[in-house]
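Chains A and B supply the protein sequences, listed in that same order. Each step along the first sequence adds one to the number in my numbering, with nothing skipped, and position 316 is 316. Each step along the second sequence adds one to the number in my numbering, with nothing skipped, and position 145 is 145.
It should be emphasised that the hints constitute simulated quantities derived from the structure, not laboratory data. Model, not experiment: these values are computed from the prediction. A couple of the hints might just be wrong.
[What the hints assert, rightly or not] Ranges of calculated distance between the beta carbons of each label pair, as one might list FRET restraints:
| id | chain 1 | residue 1 | chain 2 | residue 2 | range |
| --- | --- | --- | --- | --- | --- |
| 1 | B | Arg204 | A | Ser240 | 36 to 44 Å |
| 2 | A | Lys303 | B | Ser269 | 57 to 65 Å |
| 3 | B | Ser269 | A | Glu70 | 28 to 36 Å |
| 4 | B | Glu166 | A | Glu70 | 33 to 41 Å |
[Unchecked claim] Result set (DSS-like, lysine-lysine): computed pairs, CA atoms no more than 27 Å apart in a straight line:
| id | chain 1 | residue 1 | chain 2 | residue 2 |
| --- | --- | --- | --- | --- |
| 5 | B | Lys139 | A | Lys25 |
| 6 | A | Lys62 | B | Lys139 |
| 7 | B | Lys277 | A | Lys275 |
[As the list claims (entries may be wrong)] Here are some chain B residues the structure puts well away from chain A; computed CB gaps all over 12 Å:
| id | residue |
| --- | --- |
| 8 | Val52 |
| 9 | Asp53 |
| 10 | Glu78 |
| 11 | Lys88 |
| 12 | Val90 |
| 13 | Val103 |
| 14 | Leu107 |
| 15 | Val133 |
| 16 | Glu169 |
| 17 | Ala171 |
| 18 | Leu213 |
| 19 | Gly243 |
| 20 | Arg256 |
| 21 | Glu260 |
| 22 | Met427 |
| 23 | Lys444 |
For glycine and all other residues, C-beta sits at the position ideal for the given N, C-alpha and C.
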Amino acid sequence: MYSQDIESLLNAKKIKIGDKILVTKVNDEYAGILMPRIKLGDISSIVIKLSNGYNIGIKYDKDVKIRRLESGKPIRFKPAETVPRKDPEKPTVSILGCGGTIASRVEYTTGAVFPAFSPADLLLSFPELGDIANIKARKLFDLFSEDITAEHWKIIANEIIKEIQSGVDGVVLMHGTDTMHYTAAALSFMLRDLPVPVILVGAQRSSDRGSSDNLVNLVSAVVAAAQSSVAEVTVCMHGSMNDDFCYLHQATKVRKLHTSRRDAFQSVNVKPYAKIFYPDKKIEYLRNDYKLREKRTVKIDDKLNTNVALVYTYPGIKPEFIQSLRNFDGVVIAGTGLGHVPTNPTGDKFTQSLLPALRNLIHSNIPVVIAPQTIYGRLDLNIYEAGRMLNEIGVIGDGCDWLPEVALVKLMFVLGKTKDMDKVREMMLTNYAGEISERTEIS
Amino acid sequence: MKEKVPIMTISRRQHPVASEMGLIDTAAQFEYLRDRTFHYQVFNNENCLVEVDCEPPHNLNPEALEIALQIALLLNCEILNEIHVMRKTVIDGSNTSGFQRTVIVGLNGHISYKGKRILITQVTLEEDAAAIVDEENGKVVYRLNRLGVPLVEIDTGILEGYSPQEIQEIAYLIGIIARSTTKTKHGIGSIRQDVNVSIRNGPRVEVKGMQELGMLAKVVELEAQRQTKEKIKEETRAANPDGTTRFLRPLPGASRMYPETDIPPVVLSKEYIDEIKKSLPEPWTNKIERFKSKLKLPDVLAKEILGSEYLDLFERIVAKTKVDPTIVANTFVSVVKDLVRREKVEINRIQEHRFFELFESLGEKKFVKEAMPEIIKYLAAYPQNGVADALNELDLKPMTSEEVREIAKGILTQPNMPFEKAYGIVMSKVRGKIDAQEVMKIVKSMVK
Chain A
1 MYSQDIESLL NAKKIKIGDK ILVTKVNDEY AGILMPRIKL GDISSIVIKL SNGYNIGIKY
61 DKDVKIRRLE SGKPIRFKPA ETVPRKDPEK PTVSILGCGG TIASRVEYTT GAVFPAFSPA
121 DLLLSFPELG DIANIKARKL FDLFSEDITA EHWKIIANEI IKEIQSGVDG VVLMHGTDTM
181 HYTAAALSFM LRDLPVPVIL VGAQRSSDRG SSDNLVNLVS AVVAAAQSSV AEVTVCMHGS
241 MNDDFCYLHQ ATKVRKLHTS RRDAFQSVNV KPYAKIFYPD KKIEYLRNDY KLREKRTVKI
301 DDKLNTNVAL VYTYPGIKPE FIQSLRNFDG VVIAGTGLGH VPTNPTGDKF TQSLLPALRN
361 LIHSNIPVVI APQTIYGRLD LNIYEAGRML NEIGVIGDGC DWLPEVALVK LMFVLGKTKD
421 MDKVREMMLT NYAGEISERT EIS
Chain B
1 MKEKVPIMTI SRRQHPVASE MGLIDTAAQF EYLRDRTFHY QVFNNENCLV EVDCEPPHNL
61 NPEALEIALQ IALLLNCEIL NEIHVMRKTV IDGSNTSGFQ RTVIVGLNGH ISYKGKRILI
121 TQVTLEEDAA AIVDEENGKV VYRLNRLGVP LVEIDTGILE GYSPQEIQEI AYLIGIIARS
181 TTKTKHGIGS IRQDVNVSIR NGPRVEVKGM QELGMLAKVV ELEAQRQTKE KIKEETRAAN
241 PDGTTRFLRP LPGASRMYPE TDIPPVVLSK EYIDEIKKSL PEPWTNKIER FKSKLKLPDV
301 LAKEILGSEY LDLFERIVAK TKVDPTIVAN TFVSVVKDLV RREKVEINRI QEHRFFELFE
361 SLGEKKFVKE AMPEIIKYLA AYPQNGVADA LNELDLKPMT SEEVREIAKG ILTQPNMPFE
421 KAYGIVMSKV RGKIDAQEVM KIVKSMVK
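In isolation and in its complexed conformation, chain A is listed as follows:
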């Protein structure tokens, strides 16, 4: 939105965004198409697109005159009209859209990249998807991934079930990358007995650019959905900074580990399931311990208790902070090293132990789960005094190699079924979706 003055002037002159206008300022004249005003910068500057494509801003004041030269068409994207022809020889893949960079366009109100691109548009942009499979495309919602909640996970899970029940050979979920690993983990717990692959895919670089990783990622995901034998929830993202292959990651063992690189997603403590090469579209399996594609009846288990917290411990953390968590139904603590928090076994005068506060939580039937803030590696609460004391008071997680985010999602899942402390412990330590591995491969 432009400033009040400019908006009133435009209204008075019936000039609309997209009209070709002439802006006169004393002796200077600028002709161009009136552009929408982005919030950043000076809202009292009129932005026009010159005939050579450049945008410029002209400060509006009493010396500025505006005149319409030509009426323009409103500036908006034409949605694609796809009438895909079904090829009975090809597998069918369903693409569901949740938003994110993979399906984003320039948005003028904030000047930022905004998800406003329907999956059908992608089919138009990436015709090679049609060579791999018959594509069904449907938008569930347009959300930045940081705005996605457990309620959305349930919607996604149910929509995936619908697609699978309609008989597709695989489902691809386009999702913002920031929290994709949370959604992936949640779906791993909620969707049981998957007969076909369910693959989350995103892009690190916006889809408006010719270099976007969206093409390689999406094509690889559709290849995996159509052809791979991995009938599990997985994440398909760039394997390196090159446009040469994607990894198919086990959903409970993958994490976004970089803010912006294409290969931000890495498998932690395990190898990825497979590599999907681009442009050859060949699949190379790196493991064989996944569930195979098979005729099965998929089930959904979408009861979650979202009243849980995930907190980092840090030097000098105050016990009051831990005490303040008593209104949650469960707490995950990302501990240091092998899974530690301050316990002050030597009685140092500066150090405050968290043990009493944690013990209080557990005594109030609030399970406390520990996870490694190192991200990589396995917890071990038997090596140091701090760990042994945590074990003693009943924190859950000794010996586990789960990611903090996965531990959080799993705790939501477990607390959705029981509040019994013994049952919670038993279920948390049961491996449901590959979130706990028995041994750590050397890589």
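Knowing the structure of chain A, use the given hints to seat chain B on it.
This is chain B only, laid out in the frame that chain A set:
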């Protein structure tokens, strides 16, 4: 120069994308159809994640913006109130992102040439593209160490009715105005000329990739000739070393521009622009006139020293010492240049104060200008030693006319000694110690 070895090569592809206006650019599509892979060489300490399109761009470099604004002001442009960085779709792979970031900073400027007004339509600040290393079978290799270097593009209006030679002179003029900021790079390729050539009522043909200004007139000439003979389309062509051109790609349209949303628009306040106006450097068009009138430099030498990386040092030495500016200028543009080219002398080992010492000593007649190359070589070889050391060790103390007369006497008394031979022998014994013309005068006077 040592050829740098890349620390890694990143391979990428690019695909066509719709622009802001919803149209897919013809140039972009065309490039896509060529089905190419791009291989980017990464260099240690010269590249970061931004250049490999793996990190969003940082904010506009304030120094680059200031220089671009200085250039726009020197070219009498109107400065915009708010500038918007754009993404210009470039899908030939020369930008890892698939677009070049570019922003107009000034519009509607002008310069004067032969009393006529030459329109400067716009001045833009851009990122330079990656330099191509190799292209074979759809595999294109680029070096990333030029990508993202600030580049100022200056566009002129249509130059109708000027000869190719005049157009080249106008380009030269624009070049030296840009260099007035003293912040531009030196050397081949640091100022590049793209030229749009069209014969009357014909389509526009853009010619890119002229590395030297000297080619411009010839390229314009040959391209105009071509256009009169062939059936022509709007397109981008590349200049060949012989001045002819070859087809590169169709001419891209305005639809390839859309906003760079990762960089907010920059408001150029009146105070900021006034501050830049106050500290504008002397335009070199003035400087060249001053060099010719006040310092009495010949036209060619004045232009050469302007193009030299020693310009700043030259001006300071001339201001501080009493040496003839022509000698100082000559030392930098020809003596130093020859030593570097022919004898690989490492001039940058000589600290600035040694150059001052050198010209002060010359001014005090401690040596003659003929000794200059030997002394400079010495100073480069022994950077800790001074000019006095050089004169001692190289035995270059100036000779008096009397001393030369003594030597000449011994030679001229020998039988069969014509003037030329005698002069040659004398010179070989006194070279670098006395002015050659002086020797000539002495020997001539003795022959009579």
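Tested hints:
no.	hint	verdict
1	B:Arg204 / A:Ser240: 36 to 44 Å	42 Å, holds
2	A:Lys303 / B:Ser269: 57 to 65 Å	58 Å, holds
3	B:Ser269 / A:Glu70: 28 to 36 Å	33 Å, holds
4	B:Glu166 / A:Glu70: 33 to 41 Å	37 Å, holds
5	B:Lys139 / A:Lys25	50 Å, violated
6	A:Lys62 / B:Lys139	56 Å, violated
7	B:Lys277 / A:Lys275	58 Å, violated
8	Val52	6 Å, violated
9	Asp53	5 Å, violated
10	Glu78	6 Å, violated
11	Lys88	7 Å, violated
12	Val90	8 Å, violated
13	Val103	8 Å, violated
14	Leu107	7 Å, violated
15	Val133	17 Å, holds
16	Glu169	26 Å, holds
17	Ala171	20 Å, holds
18	Leu213	25 Å, holds
19	Gly243	28 Å, holds
20	Arg256	7 Å, violated
21	Glu260	10 Å, violated
22	Met427	63 Å, holds
23	Lys444	68 Å, holds
Hint violations for this structure: numbers 5, 6, 7, 8, 9, 10, 11, 12, 13, 14, 20 and 21, all remaining hints satisfied.
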